[in-house]
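> Put chain B on the given structure of chain A with help from the hints.
Same order as they appear, the protein sequences are chains A and B.
All the letters of the first sequence, read from the start, carry residue numbers 1 to 177 under the UniProt record's numbering.
All the letters of the second sequence, read from the start, carry residue numbers 1 to 212 under the UniProt record's numbering.
Rather than coming from a laboratory, the hints here were simulated on the basis of the structure.
Please note that the accuracy of each hint is not assured.
In silico BS3-like cross-links for lysine-lysine, where the CA-CA straight-line distance does not exceed 30 Å [what the hints assert, rightly or not]:
(1) B:140 x B:184
(2) B:21 x A:11
(3) B:21 x B:7
(4) A:103 x B:21
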Amino acid sequence: MVWQLFFTFLKIGFVSFGGGYAVIPMIQYEVEAHGWLDTERFQQAVAMAGMSPGPISTNTATLVGYDSAGVMGGIAATLGMVLPSLAVIVLLSALFFRFQGSKWLRSSLYGLRPIIAGMIAYAALHFGFLSGKEAFTWMTVSTLVICAGCLILLTRYKLHPVAVIAAAGVAGIVIYT
Amino acid sequence: MRSNWQKQLTTCGELFAIFTKIGPSTFGGGYAMIPIIEREIVGKRQWLDESELADMLSLAGSAPGGVAVNSAVFVGYRKAGIAGAIASVIGITLPALLIVIALSLVYVLYGAHPKLVAALKGIHGAVIALILMAAYRMAKAAVIDKTTAVVAIATVLLQVLLKINPIYIIVIGLFAGIAIIKGKEFLGHRTGIDKMPLQPSAQELFAPEYYI
Numbered sequence: 001m002v003w004q005l006f007f008t009f010l011k012i013g014f015v016s017f018g019g020g021y022a023v024i025p026m027i028q029y030e031v032e033a034h035g036w037l038d039t040e041r042f043q044q045a046v047a048m049a050g051m052s053p054g055p056i057s058t059n060t061a062t063l064v065g066y067d068s069a070g071v072m073g074g075i076a077a078t079l080g081m082v083l084p085s086l087a088v089i090v091l092l093s094a095l096f097f098r099f100q101g102s103k104w105l106r107s108s109l110y111g112l113r114p115i116i117a118g119m120i121a122y123a124a125l126h127f128g129f130l131s132g133k134e135a136f137t138w139m140t141v142s143t144l145v146i147c148a149g150c151l152i153l154l155t156r157y158k159l160h161p162v163a164v165i166a167a168a169g170v171a172g173i174v175i176y177t
Numbered sequence: 001m002r003s004n005w006q007k008q009l010t011t012c013g014e015l016f017a018i019f020t021k022i023g024p025s026t027f028g029g030g031y032a033m034i035p036i037i038e039r040e041i042v043g044k045r046q047w048l049d050e051s052e053l054a055d056m057l058s059l060a061g062s063a064p065g066g067v068a069v070n071s072a073v074f075v076g077y078r079k080a081g082i083a084g085a086i087a088s089v090i091g092i093t094l095p096a097l098l099i100v101i102a103l104s105l106v107y108v109l110y111g112a113h114p115k116l117v118a119a120l121k122g123i124h125g126a127v128i129a130l131i132l133m134a135a136y137r138m139a140k141a142a143v144i145d146k147t148t149a150v151v152a153i154a155t156v157l158l159q160v161l162l163k164i165n166p167i168y169i170i171v172i173g174l175f176a177g178i179a180i181i182k183g184k185e186f187l188g189h190r191t192g193i194d195k196m197p198l199q200p201s202a203q204e205l206f207a208p209e210y211y212i
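The following block holds chain A by itself, in its conformation from the complex (with noise of 0.2 Å):
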């Protein structure tokens, strides 16, 4: 189990460009597909990803990796996600690679950030709505409301995330109690 996870997370440390959020569907996906966690404690386990200090696809590889296999699998995850960080960036910085000039990254990029783009969007829908069996009920409702004025708040008056996460939080306790 702890293997699994090390090795899973190490998978997706290697393709976790974009990093954050960006990496949320990928998570996802494993959790899923090895039915670590059901959707409610993932999507918990998103958000208090979120509301810790540290990067979020660290933080939540801990969490999904604590949650499954007690610490030596938080750990275990952990490692897997930042593993492919050390091996990449010391293998460039070692071969003196010259970022802001390749042909070649910036063809790459080209077609992968759009991609990327891409998935992150998706990963709002499916983290949001389309994971859940349940039908449309005002829980849907409640949480579109929350999500609007997130977005309001962070676009409008640019609060920091973690102001917006508290206030949700409150939000909710008063909603849904």
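The following block gives chain B in isolation, referenced to the frame of chain A:
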């Protein structure tokens, strides 16, 4: 006179200490730590100069992994080789790991508490909003012509309809760009690649809502 490995050990310890301090301040995305790195590493200690910082940003933003972890590896490796890189990664990861595991313990104890469940349900809505913001930011940097717009929309449709493992989509994406550019050049079309910024602008980097 101190021997070489002692000096190396001191540097690694210093790297570990710096990144342990920086780690928790990456609240809300890796780009939040860039100004702190600039102050601590470029300003105070002068371990990197401005052009190396630019290298760091483009490398950390383009390579797989979070910007925070990638930047830590870069600084550590430049300063003290592989040992330095490892010390920096442990420094940047350890505080978050401990805090997250501590939070999990709290969750195990109080996870069934109705107020906590309600708060997490509310935060679910906020996370959707943050993911949407990340998608918008990435799309703004990525969608620079018709081809990239088609690629972005096709990616969403592919995932909705076929549920392909996203890892495969990324691996295809690594080569798709090269194939598209080569194909366009072969046909004599102009490509939008020159318009493409390799790294986000400073204003985007430091804007608090930049959330990738």
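> Are the hints correct? Go through all of them and say.
Against the structure, the hints come out as follows:
For a cut-off of 30 Å, the pair hint linking residue 140 of chain B to residue 184 of chain B stands: about 22 Å separates their Cα positions. A C-alpha spacing of about 29 Å is found between residue 21 of chain B and residue 11 of chain A, which places the hinted pair at or below 30 Å, so the restraint holds. Restraint check for residue 21 of chain B and residue 7 of chain B: satisfied, since their Cα atoms lie roughly 21 Å apart, inside the 30 Å limit. Only pairs whose Cα atoms come within 30 Å are accepted, and residue 103 of chain A paired with residue 21 of chain B is rejected, the gap being roughly 37 Å.
Violated hint for the displayed structure: number 4, the only one.
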